[in-house]
Amino acid sequence: MTYQLENTQQGEKYNTIFSKVPAAERRKRNSRSRLRKRVLLGIYIVLLMLPLYWLLNMSLQTNSEILGSMTLWPQNLTFDNYIGIFTNPSWYMGYVNSIMYVVMNMIITMLVALPAAYAFSRYKFIGDKHLFFWLLTNLMAPPAVFLLPYFQLYYSVGLFDTHIAVAMAHCLFNIPLAIWILEGFMSSVPKEIDETAYIDGYSFPKFFVKIFIPMISSGIGVVLFFLFMFSWVELLLARTLTATDAQPIGMIMTRTSTASGIDWGTLAAAGMLTIVPGILVVYFVRNHIAKGFALGRT
Amino acid sequence: MNNKVYNNRAWLLVLPMLVLVAFSAIIPLMTVVNYSVQDVLGPNASFFTGTEWFRTMLNDSALQAAFGRQILFSLIILTIQIPLGIGIALLMPKKGWQASAVLILITLPLLIPWNVVGSIWQIFTRGDIGLMGWGLRELGINYNITRNAGDAWATIILMDVWHWTPLVAMLCYSGLRSIPEAYYQAARIDRASKWAVFRYIQLPKLTNVLVIAVLLRFMHSFMIYAEPFVLTGGGPGSSTTFLSQSLATMAIGQQDLGPSAAFSIIYFLVILLVSWVFYTTIMHLQKDKNSQGGA
Numbered sequence: 001m002t003y004q005l006e007n008t009q010q011g012e013k014y015n016t017i018f019s020k021v022p023a024a025e026r027r028k029r030n031s032r033s034r035l036r037k038r039v040l041l042g043i044y045i046v047l048l049m050l051p052l053y054w055l056l057n058m059s060l061q062t063n064s065e066i067l068g069s070m071t072l073w074p075q076n077l078t079f080d081n082y083i084g085i086f087t088n089p090s091w092y093m094g095y096v097n098s099i100m101y102v103v104m105n106m107i108i109t110m111l112v113a114l115p116a117a118y119a120f121s122r123y124k125f126i127g128d129k130h131l132f133f134w135l136l137t138n139l140m141a142p143p144a145v146f147l148l149p150y151f152q153l154y155y156s157v158g159l160f161d162t163h164i165a166v167a168m169a170h171c172l173f174n175i176p177l178a179i180w181i182l183e184g185f186m187s188s189v190p191k192e193i194d195e196t197a198y199i200d201g202y203s204f205p206k207f208f209v210k211i212f213i214p215m216i217s218s219g220i221g222v223v224l225f226f227l228f229m230f231s232w233v234e235l236l237l238a239r240t241l242t243a244t245d246a247q248p249i250g251m252i253m254t255r256t257s258t259a260s261g262i263d264w265g266t267l268a269a270a271g272m273l274t275i276v277p278g279i280l281v282v283y284f285v286r287n288h289i290a291k292g293f294a295l296g297r298t
Numbered sequence: 001m002n003n004k005v006y007n008n009r010a011w012l013l014v015l016p017m018l019v020l021v022a023f024s025a026i027i028p029l030m031t032v033v034n035y036s037v038q039d040v041l042g043p044n045a046s047f048f049t050g051t052e053w054f055r056t057m058l059n060d061s062a063l064q065a066a067f068g069r070q071i072l073f074s075l076i077i078l079t080i081q082i083p084l085g086i087g088i089a090l091l092m093p094k095k096g097w098q099a100s101a102v103l104i105l106i107t108l109p110l111l112i113p114w115n116v117v118g119s120i121w122q123i124f125t126r127g128d129i130g131l132m133g134w135g136l137r138e139l140g141i142n143y144n145i146t147r148n149a150g151d152a153w154a155t156i157i158l159m160d161v162w163h164w165t166p167l168v169a170m171l172c173y174s175g176l177r178s179i180p181e182a183y184y185q186a187a188r189i190d191r192a193s194k195w196a197v198f199r200y201i202q203l204p205k206l207t208n209v210l211v212i213a214v215l216l217r218f219m220h221s222f223m224i225y226a227e228p229f230v231l232t233g234g235g236p237g238s239s240t241t242f243l244s245q246s247l248a249t250m251a252i253g254q255q256d257l258g259p260s261a262a263f264s265i266i267y268f269l270v271i272l273l274v275s276w277v278f279y280t281t282i283m284h285l286q287k288d289k290n291s292q293g294g295a
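Chains as they are written, first to last, in our numbering: chain H, 1 to 298; chain G, 1 to 295.
Just so you know, the hints here were simulated from the structure itself, not pulled from any lab data.
Warning: the hint list may mix true and false statements.
Listed below are the simulated SDA-like cross-link pairs for lysine to any residue, each with C-alpha atoms no more than 25 angstroms apart in a straight line [what the hints assert, rightly or not]: (1) H:Lys129 - G:Leu18; (2) H:Lys124 - H:Val189; (3) H:Lys129 - G:Val270.
Quick caveat, the model's predicted, so the values are computed rather than measured.
Next comes chain H alone, as it looks inside the complex (with noise of 0.2 angstroms):
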C-alpha cells in the first residue's frame, strides 16, 4: 500500500495547525539545514574529486610538466596523451575489449536471472532455499581462489583469451547479485497480476514479456548498472583469461610503465577514459536507482 498524500500542502497545514513555531521562524530553520546539508554534501564531493581532478590534470600535461614543477592546473595545455590513445589500435582495442566482455556479460545475465529470480519469487520447490543460498556463496567466492582452476579451464575448452571467456567467468559473481536483486524487485510485485493475466489468455512468455518485466523496469536499470559496474571494473580473472586478443584496458595500461620510466601522461588519459562507459550507464538508469530499491519485503 503506497499511497501519497499531495504533500508540501498538506503537511504545510499539519505544520500551521501543531506547530508552536511560528511560519517564518520555520522556514529560516529549514533553510537553514538545507545550507548546512548542502555545504557538508558539497565538501564530500569535492573531496571524493580530488583524486580524479588530479588525473585529469596529469591527462592533459606533458610528462616532462607532471614530472617537473608542482602545479595545481595545467600550465601547457595539450591533448597528445588522448590523441595518443585514440590513434593506436592497441590502446583502443582495449576499450573495445572491455566494453565487448561486460555487454556480453550482461546479455548472458540477463537472459538466465531472469527466469530464476522469477521463479525464486513465486514458487516453492524443492530444495529452493538451499540453491538460493548456494548462489550467495557464489558471490562471496574469492576470484583469487578460481584463478588456477579458470585459467585451465578455459584453456581446455578452447576459449582462452576470447571475449566470452571473461563474460562468463564474470558470471560467476553477476548472476547471484543479478537474481538477488531481482528477487526482491519481483516480490513486491503482486501476484494477482500473474493470475489476471493468465486468465485474459496471456501465455507465460507472452506476459512475462509483456506485462512483468515493464512492471520491474526500475529493479532492471539497477541490475544492469551493478553487473555493468562489476564486470567493468574487475580484472584479475579478466587478466588471467587473456593474453592478447580480448586484453581489457586495466591491463593494457600496465604498459605505460616500461625501462625508460613510466608515461604518466598517457597513463592519466588512458584512467580518464576508463569512466566515460561508466557514466554513460549511469546517466541512462540515474531515474531508475532514484526512484527505488525498495526491495519488496518492507
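Please arrange chain G on chain H, whose structure you already have, making use of the hints.
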C-alpha cells in the same frame, strides 16, 4: 509474501542459470579440491598427500598474519563506510537535476577498474607529483607509503573509503527514496525530533539495502587485491599484504599448486562461514521486526 505456490516445474526456470553457474563455480572448485590433496610435480606426475597441505597452511605464520590483517582491515572499513554512507545519503538532494548530478558524481569512483584505482592513488599520494603527498609535505608532515607501514595502512583505508563509500551511499539513497512521504508527515504531526525520524522511520526502512551494502562491502573488502597490490605491492615489508595477494603470489608466482589450493579452500570456508553468520543474523533481525511491526 508467504503465499508462494509449491511447484517443482519452477526448476525449469532455474535450470539455465544452474548450468551456467555450475560451469563457472563447481568445475573450478572441484579442480581446487583435487589439487589440495595432491603433490603435483608435472602434467602426469602427482601423488596423493591427504591433509598435509592443509596442516602446513594452517601453521604458516605468514598466512596467519595476513589473515589477522585482513580481519582488521575489513572491520575498520565497515565501521567507517556504513555510517558515512548513510550520512551522505541523508544529505543528498531528493529530486530534480541536482539529485541526478550528485548521483552521477558520487558513483564515479565505482566505475574505475580496480587496478586503475590503485594507480590513481599511487600518483595522488606521491610526494613529488601527487596533490595529496605534496600537500602533506607542505604541511610539514613526513609521509611516505613505501617506507612507513602506518602511512601505507592509512592510505589504503582512505583509498577504500574513497572508492567504496559511494556504493553504500547510493544503496541507502535509493532506500530512503522508497519511504512514502506520509510517514514523514505523520512524524511531523507527532512533532518527532530529527533523531527520532531517523531512528524509527529511516533506519528501519533502510535495513534491506543495508543488508546488501554490509554483505557486499564485507565480501569485497575480504577479497581486496588489485588496489593495495598496485599501490604498495603489499609493502613495506608485508604490512599491507592481504589474503588474496598472498594467494595469488603463491598460485601464479610460485606455482605451488597443492599448498595454494589448500589455502584457497580454507580461505573460501572462512568467507563462507563469516558471511553465513552475517546473513542469518540479519535475516533473523528482519524477521523479528516484520513480525513485530505486523508488516
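Consistency of the hints with the structure:
1. H:Lys129 - G:Leu18: Holds: Lys129 (chain H) and Leu18 (chain G) sit about 14 angstroms apart, inside 25 angstroms.
2. H:Lys124 - H:Val189: Roughly 17 angstroms separates the two Cα atoms, so the pair holds.
3. H:Lys129 - G:Val270: holds (21 angstroms)
The earlier numbered hints are all upheld by this structure, with none contradicted.
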